[in-house]
Each structure stands twice: as C-alpha cells, then as structure tokens.
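Got chain B sorted already, so can you dock chain S onto it with the hints?
Each chain, written out:
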Amino acid sequence: MANPFRKIAMTSASQVQLRDAQIHQLANGMVLVGEPTDAVQSAALSLLVPCGYSTDPAGRLGLTSLLCDMIVRGAGTRDSRALINDLENLGVERGESVGVSQTSFSAATLASNLAEALAIYADIVQRPELPPDQLDAGKLVCLQELRGVADEPSQKLMVALRQRTYSDPWGRSSNGTEAGVESSSAEDVTTHWSGHYRPNGTILGVAGNFDWQRVVDQVETLFADWQPVEVPPPIETPPVAGETHTAFEGNQCHIGLAFPSVPYRDPAYLRAWAAVGVLSGGMSSRLFTEVREKRGLCYTVSASLQTQRDRARVLCYAGTSAERAQETLDVTFSEIVRLGAGVENDELDRLKARIKSGLIMQQESTSARSASIARDWYHLGRIRPLEEVGGLVDSLSADDINDYLTAHPPDDFTFATLGPQPLELPRGVS
Amino acid sequence: MEFRSQRLDNGLEIVAECNDAAHSMSTGFFVRTGARDETDQLAGVSHFLEHMAFKGTPRRSADDVNREFDELGAHYNAFTSEENTVYYAAVLPEYQEPCIDLLADIMRPSLRVEDFEMEKKVILEEIQMYADQPPFGMDDKIKELHFGNHPLARSVLGTEESVGALSADQMLDYFETHYSPANMFIAAAGRVDFDALVKQVEGLCGSWAPQTTSRDVPGSNSHTDFHLVHRSSATQQYVLQLADAPASESADRYAAKLLATMFGDDSGSRLYWEFVDPGLTESASLGHYEYLGAGMFFSWISCEPVAAPEIFTRLVALQEIAELDGFSEQELGQAQSKVKARVVLGSERPRNRLFNVGGNWMQRREYRSVADDVATVDRVTLADVHRVLAEYPLTRHTTVTVGPRQQWPGSA
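Top to bottom, those sequences are chains B and S.
Each residue of the first sequence is one higher than the one before, starting from 1 at the first, in the numbering used here.
Each residue of the second sequence is one higher than the one before, starting from 1001 at the first, in the numbering used here.
Looking at chain B on its own, in the form it has when it is part of the complex:
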C-alpha cells in the first residue's frame, strides 16, 4: 500500500547546521583541523600519521602493526603502565588502528581533559620509548591477532579478496604475516618509526567543546619541533593471482566479490557511492531484498565502496550454507550486473533520506566528527562542511547516477570464496 508519508522524506525540515571548520598548518607540514561546538560536553581527537601497512618493508609484513602496538608501551616520561593508566584516569576512550596509508589514533573524553590527552599523544608519536625488552610481547600480541582472524571466516575471506583485487601494497592485510612479524627486530621497529612517523602528512582532527585558538597554541608548542622526513612512494606490483577458493571446514560458505570504483576525491565519487547504496544500504536495498527477503538464501549480504586515496573498490560479501552457496553467488552476481542498467528515482529518494539523517546524526558524535574532518583533509585537502555535502546529495538525480553507471558499469570482477567446497564462477571471470 502507498505510504502516506512518502513525500515528507524529500522536504525534511532538519538541516545540517553550519559549523565552522578551522584549519591551521604548522611550518613542518602537520595540519590541524578543528570543529568546535559548545553543544556537547566532550571532545575527541583523531590523529592520522602517514604510516600505513603499505609502508611495511618486503619481508617485514606486519611491521607497521607491530610498531603501532609498541608505540603505546611508554613515551616521554611515562613508562608503559603509566601511559595507559594516565589516559584511563583522564577517562579517554581510545583506539589505535593501522590502515593502508595511515596509523590512526583516536581518543574521546570529557572536554576538560582534552589538553592533557593531547600532550600524551604528542609524546606517543614523537618520543616513544619502543622498549626492546617488550618487543617479544609486542610480537606475541600481533601473532595472537593473526591467529584470531584465522578463526573468523568472513574476515579471512575479505583479506583474501583484497589481496586478489588490489595491486601490492594496496591489498595487504594490516596484520601482515607470521613470518614478517617474527623476523622484525627492535631496530626495524625504531627505524620504521623514525622513517614514517613524521609531521609532513600527519593530520590532527579535533571536534567537540574546545577553544580553537587555545588548541592551536598548544599544538604549536607540542609539535613545532617535529622534523619532516621525505619518503619515496611504494613500488607497485600486480596482485598475486592465487587460488580463488580457500578450503575451510564449517557449515557455511563465504563469498566475496570485488569490482573497481572511484576514490573519495574523484568528482564522480558521490554518484558511484549512491549506486552502491541502492545495491546495499537499508533493508529495501536490492541485495537484501533479492538475496535475503525474497529467497531466504542467507543472513548476511552486503556491498560497500571502500576508498583509498588513489583507488577504490566495491567489496561485496555473502555468507550462506554450503548447499545454497551457488544460488547465492548467482543471484548476488546478477544483481550487481543489473545495477549497470541503472537505478530508479524512488530508490534514490530513499537513499537520500538515509544519507541526510546520517549526516545530521553524525553531529551527535564528536568522535565521528573528528575522524570525518581529518579524513576530509586527507582525501580532499579541505574540509567539506556537512551543509555542502547535504547540498550535493539534494542535487543528485537518478540520471546523474545512471550516466555514471553507463560509463562505468560493474565489470572486471574479482572473486574469492571460502568454505567446504569451491563454487562455479560466472563465465569469463576469475
């Protein structure tokens, strides 16, 4: 039956509020971006250091992750225990993660504790202790993580899929390999830190209840002496062909599928992203409807656009019982191919409503905002206000998306499967 509220979605009264993003560049190249607001009691920081797993030396795959573990084992005047305890006493909710091009440090706490937390992070990236007597512990942590992934079939599959779809070093796993971690020495860790933890390329995003000028002054004091390092770009080599199927004992078969797309800074990004949103985003999206709702083939099916700075892929996943895996693969693949024929206006309307509420609700999280403005700077070299994104979304038409899809239909697929037995792949793909 018709939805009496359908029209409302397009005339939403809520607007994203204009918040002024502030930018300050240090002489050494580090960039501080901030979004102050007095509507909250918290503040969050997102510190992106240009040391991702793509910088792992050959033969030392996993070194960046090992460094990321070692870097919080004492810094400045604090030993390992004092560092963690002091952050916790400040109520800092923290996280460290290694991505393809950056190591990210995120921290959120009560606004009144921001300055003290920031000073600790300045020590962590510039004056880490990297204690050699804790190297074995750091390695064990990394090896444990590698073993943990081995027990998570869907994660294991996606690692294989990224390796098969991206050129090296862009398709690596952040955890590296057992051999790479085990062969890393204390000297490797120190050299990797001094060669890649550097102000040029580092971005600090701060969002929440803080005074911009005070943070600028503090950041100048804390980071101005950090010396730049020039790093050559990595050497790119084609993906390793490898087997499509990985044998895995279990009830379910896991299916991964990738195809090329455009990165965040590409002018066509929003159109490409919206097309994927029609495929998978919300329970009325095509994959959820066709694979799960109409056929009951699986519990999980999804697709998302994963962007790096200069390249991007759409990554799709479905997990299903072995005997229904072939049908799941066939239906999923045919939906992806059908996307090339275009999207409908009502699909786009739903997507716009979801994007818009997502943008507005993002303002309710200082962690999300600090990460978002830092990411914007990395990809675009500027901060795109939410208001501007909202405007772009409003002006998007089904014709725009369909023009993009006509020029770039899903193609050039890469598959990976993991489960009790291999599947038959669509013709002409590997």
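Bear in mind the hints are in silico, worked out from the structure with no lab data behind them.
Cβ atoms here follow ideal geometry from the backbone N, Cα and C, with glycine treated the same way.
Treat the hints loosely; a few may be bogus.
Unchecked claim - Lysine-lysine pairs mimicking BS3-like chemistry, simulated, CA-CA at most 25 angstroms apart:
1) B:Lys294 to S:Lys1121
2) S:Lys1257 to S:Lys1340
3) S:Lys1120 to B:Lys294
4) S:Lys1141 to S:Lys1120
5) S:Lys1121 to S:Lys1141
What the hints assert, rightly or not - Derived CB-CB ranges, DEER-like:
6) S:Glu1097 to B:Asp225: 54 to 60 angstroms
7) B:Asp225 to S:Arg1342: 32 to 38 angstroms
8) S:Gly1219 to B:Gln326: 31 to 37 angstroms
9) B:Glu387 to S:Ile1321: 54 to 60 angstroms
Chain S in isolation, oriented as in the chain B frame:
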C-alpha cells in the same frame, strides 16, 4: 532534559527523556519477552518472532515495511535477548509520527505462513553462521551447565531442530500472550514531542486487548563445572567462564560493574596487564551482565591452545588474589573515571540514551538521568566492591573451553 511518562488504560506505558537540544530522536517498543519465557518446544520463538515482525501487517507488505523505514532515513533494527525483545529506530524529529506509525503497526504482524517458512530459512542460516564463529555455540552451552534448569539457561537462537519444527500457529499463540500491551512499553529519547507521541500511541495502540502474562523469576541455583569441547578446525583455544553476580534489581550492580572494570576491562585492568599486554592471550576480559533475579560475571579468554591450561590456572590465581587482598583505591578511581566518561560520551547520542531509558524502565520501572548514573558510580566504595566479591566469588565458576585441544591437564 525532562523525563515524562504516561500509561494507557490497557496497560501500555510510554516513557521518554525529552531533550530539545538534540538533533534527532530515537524510539522503540520494548517487549518483556525473550528466551527465558520459552519452553523446550518453543526454543528460539522470541527471536524468530522478532524477524517476523518485519514481514508485514494487515496494512503493509514486508516490502512496504522495509521501504518505508528507508524512506524515513531511519536507522532501525531489532534484537532479542534472554529477557527482552526490542524494536527501535533513530530518525530526524520531523519523522516521529510516521516512525511511530510504522513501529506500532509491526507490533501487530500478520505472521503469514509463506513468510514464516521463508524467514525460517534465514534464521537457520543465522544459527549456522554463529556455529562457525567463536565461541562456536559454547555461549549457550555454558549457560546450560551453570544455570541448569533456570530459565536464563535458554538459548536465544534456539537450535536447528527446535526452529525447524516450529509452526506458524505456535508462534501466533506465543505472540498473543507475550505481546500484550501491559507486557511492553514505548520508550523515546532526544527531541521528542511527548504530547503528540501519547496522542498518537493512544490512537494506534489503545484498542490492543490486554492479556495476562506471567514470568517466573526464580533466584539462581547455579552449578560449577568444567567442560572441554574439541574442535579440530579452530586455531585458537577459547575459555569461557560464568560466575553468579548481582541481578538487575540489586543496588550492587554498580559495584559489580566497577569490579569487572578493575579486574577485566579491555584495557588497563588486571587481566589486561597479566595476559593481554604481554601477548599471552589475544583477549582476556570480564563483564557483568544483569537479568531479573540473577546476574552473571562472564569471563572470556582466547589464546594459543598450548598455553591455555597455564593461562587458566593463572586466571584462577588472579581471582583468588582479588578475593583475598581486594583492590586498591587507585584502581577504583581509574575505573570510576573510565566508566563515568563512557556514560557521558554515550549520552550525547539519543540512540544510546534510548537503550539506557528503556533498559532502566524494563528492569526496574525507574528513570535515571546521566547525572544520577555519574553520581552513583562516584559513591561506590572499595568496601562495596569487596562485599560484592565476597558474596559472588569469581572462583565459584563454570568453565567451558573449546578449541583444538583434545585433553586438559587434571580433567577427565
């Protein structure tokens, strides 16, 4: 920030924390039903029913339900636990009315047989998915061993057999007795128009006929046990452990949470420094989970199979030391700082507040503001923590370990 509540004649309650400064509002139906209210034959019906609510009503097809939620730009979902089934959505404030219209409608689903059979396949896939992931179904196994025939021992998902054998008629019977207006309530948080909410809910739900629903809330009569399960395909060894803990009615639940934070938080706790920081385990944690009539301390360790028995022995030794020597003021202060910051950070999103407001109403029919929670955390003393630990010793536990190990030293 203002708390408001209202009760309809048929027993349906509406509670809300209204915050005019919020950008969004979150709302949901909280139903007092879950695995603990099932029988052996009905194992998994609450969770299956939660899926079926999205499969259409007399006014809407399954496609309509999904499409309309998406048209509102809603962030929506549902979950089922041992004792609750919750349907929720976060939307922009101007969509409060259509959002409630949709949520209220799916609380009276059609439960059509063909949809039931199709969704059964999805549920069976979900059961298989969890069976392939750590802890490979052992979270259900350990509850059975520890709680015996207590209702909390029941599995939320059910088994392939129990779900496979369920009929649409059985589900309908269960629905009629458990989705009574007096056995559920509506909660909301954020920029809520409360008067409009009450008026609308009265119109939509006021005619729902009340039914008598009862629930057994026995105290826990728990067991201790040790169980080794061999799984050759696993890489890591997983150790799960349950001990009794304060229930949701107990004022000691805050002390229990701080105890769990000091002993087994993901970072900076005793388990962290003993096991995680030196890389001896992939993870090692302790959490406190509260239910009506019983609570549980749940420990979780994943590590290399060869090291597992030694790690387990050291875990028990740490528990003994805590029971004997207690904790320090420094540890308590650190845990309090952490927990308070989490409360405040979490409170900035209406969708987080919804679960706090709804959870408190579900468990205790009370409202607690962020300031109330912060103040209560501050008031907990070491003496409180030590008293809780004496009453609910961590050393009195049931353990299940699953992984490649075929044998365990000292166990038959």
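| said: Just to be careful, I want the Cα atoms of lysine 1257 (chain S) and lysine 1340 (chain S) compared with a cutoff of 25 angstroms; is the pair within it? | reply: At roughly 12 angstroms apart (the allowed maximum being 25 angstroms), lysine 1340 (chain S) and lysine 1257 (chain S) satisfy the hint.
| field | Distance restraint between lysine 1120 (chain S) and lysine 294 (chain B), which requires alpha-carbon spacing of 25 angstroms or less | value | holds, 12 angstroms
| query | Is 32 to 38 angstroms right for how far apart the beta carbons of aspartate 225 (chain B) and arginine 1342 (chain S) are? | reply | Holds: the Cβ-Cβ distance is about 35 angstroms, inside 32 to 38 angstroms.
| message | 54 to 60 angstroms was suggested as the range; check whether the CB atoms of glutamate 387 (chain B) and isoleucine 1321 (chain S) agree with it. | response | holds, 56 angstroms
| query | Would the pair lysine 1121 (chain S) and lysine 1141 (chain S) pass a check requiring their Cα atoms to be no farther apart than 25 angstroms? | reply | holds, 23 angstroms
| message | Would the hint linking lysine 294 (chain B) and lysine 1121 (chain S) be met if the CA-CA limit is 25 angstroms? | response | holds, 11 angstroms
| Beta-carbon spacing of glutamate 1097 (chain S) to aspartate 225 (chain B) - inside the hinted bounds 54 to 60 angstroms or not | holds, 58 angstroms
| field | Restraint status (C-alpha distance of lysine 1141 (chain S) to lysine 1120 (chain S) at most 25 angstroms) | value | holds, 23 angstroms
| Is the gap between the beta carbons of glycine 1219 (chain S) and glutamine 326 (chain B) within 31 to 37 angstroms? | With a Cβ separation near 51 angstroms, glycine 1219 (chain S) and glutamine 326 (chain B) fall outside 31 to 37 angstroms, so the hint is violated.
In terms of the numbered hints stated before, the structure departs from hint 8 and from no other.
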